[in-house]
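Assemble the complex: chain A is given as a structure, and chains B and C must be docked to it using the hints.
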Amino acid sequence: MIDPPFTLAVAESFLQPMGPVAAEQLRHLKFVTLLTMIAVVPVLVATPLILWRYRRSKPTGKYRPNWESNRVLESLMWGVPILVVTLMGVSLWNMTFRLDPYKELGKDPLQIHVIGLDWKWIFIYPDEGVALVDELVVPEGRAVELTLTTDTVMQSLRISAIVGQIYAMPAMTTKLNFLAARQGEATGMNTQFTGNGFWKQKFQVFSVSREEYEARMKKVQANDLALTADTYALLAVQGTAEEAKKSLNIEDRKGPIEMVLGDSKIFQRVLARYMVEDMTPESQPGSPSYDPTKSPLPAAQEKPMMDMKM
Amino acid sequence: MFEALFGRLTWDSIILVQEFEDPNLNTFITAGAAAMIPLGGALVVALLFWMKWWKPLFEWLTSVDHKKIGTMYIIFAVIMLFRGVVEGILMRVNQAVALNGGFLSSDHFNQLFTTHGTNMIFFVAMPFLIGLINIVVPLQIGARDVAFPKLNQISLGLTAVGGFLIMISLLVGEFSTGGWTGYPSFTGRLINPGVGPDYYILSIGISGIGSTLTGVNFAVTIYKMRTAGMSFMRMPLFTWTALCTSILLIFAMPPLTACCLMLGLDRYLDFHFFTNDMGGNLMNFINLFWMFGHPEVYILILPAFGVMSEIAATFSGKRLYGYVGLVAATMCIAVLSFMVWLHHFFTMGQSTTVNAAFGIATLLIAIPTGVKIYDWLATLWGGRVRFTTPMLYLCGFFVLFAIGGLSGVILANPTLDYQLHNSLFLVAHFHNVIIPGTLFGVLAGIYYWFPKIYGFRLLDGYSRITAFFWAFGFILTFLPLYQVGMMGMTRRTVAYEDPALVPWMVVSGIGSLFLGLAFTFVLLTLWRSVVNRKKLMVPLGDPWDGRTLEWWTPAPTPEWNFAVLPKVDGRDAFTEAKAKGTAYRPIEKYEDIEMPANTYYGLIIAALGSGLGFGLVWYMWWLAVICFLGCIVTVITYAFLPERKKTIPAAEVREIDEAWRRAARESRGVTRDDECNEANQGLARPDIITNP
Amino acid sequence: MSAPTGRSLHPGLNLGEEHGDDHLEAETSVFGFWVFMMSDLVTFGMFFAVFATTVPLACCPGPKELFDFGSIAWQTTFLLLSSVTSGMAVLTMKQEHGGRGACTKKLVFWLLLTVLLGCGFLYREVSDFLSMAAAGGPPTRSGYLSALWSLVGLHGLHVTAGIIWCLVIVAGVLVRGVDRRWKLALLRWAVFWHFLDVIWIFIFSFVFLGGLL
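Chains as they are written, first to last, in this note's numbering: chain A, 1 to 310; chain B, 311 to 1002; chain C, 1003 to 1215.
With beta-carbon atoms standing in for the labels, derived distance ranges:
1. B:Glu-901 x C:Glu-1019: 17 to 25 Å
2. B:Gly-771 x C:Phe-1050: 52 to 60 Å
3. B:Met-543 x C:Leu-1118: 49 to 57 Å
4. C:Glu-1019 x B:Gly-880: 28 to 36 Å
5. B:Glu-962 x A:Val-41: 54 to 62 Å
6. C:Phe-1111 x B:Phe-312: 49 to 57 Å
7. A:Glu-24 x C:Ala-1054: 30 to 38 Å
8. C:Gly-1212 x A:Gly-79: 41 to 49 Å
9. C:Phe-1050 x A:Glu-243: 44 to 52 Å
Non-contacting residues of chain A with respect to chain B, defined by C-beta distances greater than 12 Å in every case (computed):
10. Tyr-125
11. Arg-142
12. Gly-184
13. Glu-212
14. Arg-216
15. Ala-226
16. Asp-230
17. Lys-265
I should point out that these hints are in silico values taken from the structure, not numbers from a laboratory. Ideal placement from N, C-alpha and C gives every residue a C-beta, glycine not left out.
Okay, chain A solo, but in the shape it has when bound:
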């Protein structure tokens, strides 16, 4: 197989995969490119050759003004693309099922709930009872399952080096399964345009050893800042995570915002809010008139309102 077409400078993306999903995507990209070449290369080669052979100024081929069909040629013209598409269709079908973002990549994946806000992500670890803003820490080699929603407009979460993207939409959840095969750092981002701070909506993903992971979780669990409906409402104000630190009065703390999970049902409560009340410009995060004091979260409902997977 060939290398990626250009390697002048290296950004973090699936061209340098950190996990099995991205690696398979890269492999599939090369396969698709090569297979399509069967149909594309003849055009690239034939165009200059035909133009040269039949140029009016000095032609070397016979003039056949009424030649308009040829059965063999015709069947090649239809046959080759049909063959290529059939082959690719089979591979497309298999790969789509193999890399289904809903498919768990190991037993008992680490569950993480994700809430997209303008312009930051909250990662909730329900089992550990902690939450991180704009930082995702996962143990190396363990399957992870993200369950996503947003509390503003539609967003799309992608960690290119590890896994592709999935939309996060208000009032419903989507899932993204992945696994980081080696230790390292990757950038995740929102790819769906969400307004002025869109380009800053990035987060760091750390794939660390199991011990480091445990240690980090312990450290966060000792934190004095709790994610409750009140602090959540402040986080929901438009702005980056750094700007949110000001309203949370933790400007002096370095690194990402770390919180213990004050309200274990906060994710479910965010999901529920769109089903039981009419949103107003004051209560809707993302609206220019959003006011954190006038945006109460309702009680959690029994089950998530709508799961995209049908």
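Using the frame of chain A, we list chains B and C on its own:
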């Protein structure tokens, strides 16, 4: 009182005022753009007075002649293209220097990509193609006009309303920042209470109705107005693609109208179609939008394919290879285009089976598209290829479109779309099919048919340079975007933080300047050609040794197109007549020709539609109500007014037609060697073909 | 712009040989309008599709509380009857206005009867809307109600337009006589009016019956 009169329009809404209140680079750019509207308007008015062009202007604006309406579509498209290109350059140059922030503010940049997309799709590409279809189709099928000439004028008027709204948003208020796709809830009332999304909904909604009517008009024209002997399988390929485009317009525009209506109800009347809350569902908008959006892609590309077919045959002096295959492929594409809309959102989380099925349906489109390209190549095989400007565009198209097809096939794989969706790879892909496909097709078509309608050729040298700049600029601007897209850069970012992206973005920014140069050369070509038109005249009407009916008339084509409607008994009717020597035979009998007279109908509807749109955007309810009622009254009034026709007496038709035929019989014509010389008077002398 | 002669005309899109040139003109004109109606059908299809994806929320009244089946039965009756009377109008024109000097009164009678039935339909529909709003089901309450109101309302707007159009035709034939223009207008309007009937059948079975079941 003020509020009742002006709604939410205040003094501060006017962009030029903002420049005085808060002078900086961004307001300077917007104010400069805004100032162009009154200044440009004043210049045009002054020119009209100076040259005493009022009368001809109204002659044009009230005309129902399909050639004039087509021309107005194209002029409109060129004006909008100017804006689109400038916006594109601003964005590309900004991104070239946008490591951690460029010179454009986020808000300005967001409006730029929204207007650029909306403008280029709805007010450049579509009017260009509809303009060409207007000009060419009635001539190709041997008709004197379209089926519903007044309706044609109204379609143009409604398109102009959309253009007016998007232009006036430069001067008053702001346009949407939600991208040309305008997904809610970002464009919903709660998140975006301003006028931007309203401008967006109304401009594409109103012009969309015009496009639907165009589709109806041309489908009926092609079904019902073909001349004797012009059976379906004898129609020129461009007419076939126009028919498919019309069918797509008829069935694909309603979803757009519907989703604009629903978003409008959400925004104006607090409905809950696409809101976050109370059972609203933004996924419905996305589905509806792409049920329109995907066929739209083929509305844009099919007529360009048609132009390529005509050019391939004419400029290689040969029959079109695989006519039946090309027709079948066109129809396949048209039908399949309705079955793939979901590939625009593989990443929404729906079931894997759905994704895989739509992915494979998308791959299927690659088959007929591939066949078409092979057919055109086979058309050149065995021909005598002349490297004229249209042929240059065709060659560029072959090579570049193949790359666009490759990236399309890549994106059709849901697996890969999970990575590449929303990235600059996608942006590169659709520019790669729209510029070498649609734009090259349109420019080649304009060069090809220009002498037919206006009587003189475009200057050859300038046109070649233009073609070169478009291709070169395109390669430089968009091929790097494939790479940065794979490196993870998303679309619609005003700035980025990864230094590895810089070199690619700089190349792309420089490329965009070449695209600007290419646009300048379009205007330059036009201007120099008009100045030198005496030397470029082709009054006998057949400068390229054409094969189809449209070349069988003088140039410029008279208002009535054909003095006597031609009879057709084969595919390349004109070529056969020329071979038999019967093309310019005298005609015995001429009859009076009845043509529809000029009317103010379309102009009135356009004015009232603009008022309606503007009134709705700014909550000036009185204006909206008056204009809406005005539209109804206009329609009813015209239903009662007697239908005015003008009759061209047989004697006048005879005089003009006989003079043309006599001149053609007496002229020696030129061989294809002198095609681009002054000697070319529009009569083709049989070529001497030597075989090696 | 005359239609090419010598080809068979589609049934249903014509006036009959005795109408002379008007007969030939009808094909292009009515066919064109028919194509436009197919486009409109897609618009309705989109509203149907959106309606199909929404479900009544627990917070707001649902079909059982909102729909008055008696009133809907009346609306259906009015609209179906009006389709019959509009058909009678077209038949009158086809059979009696081929030559000269036919009596326009009969034509006008059928048209006005159609208008009356259409107004009866609208009256019941608007009062249903008002009582739905009073029962706590205005379109601003939920996605389901928005979809319901706009689908039924879009049909209602079409009916309103059809009534205005019919009145214009009545005025036209009274002022100018049953000439080519008004004959073609009447044919197109008839296509429109029958089309609304078909849409109503779908709304009736899909929205109302489906909602109550």
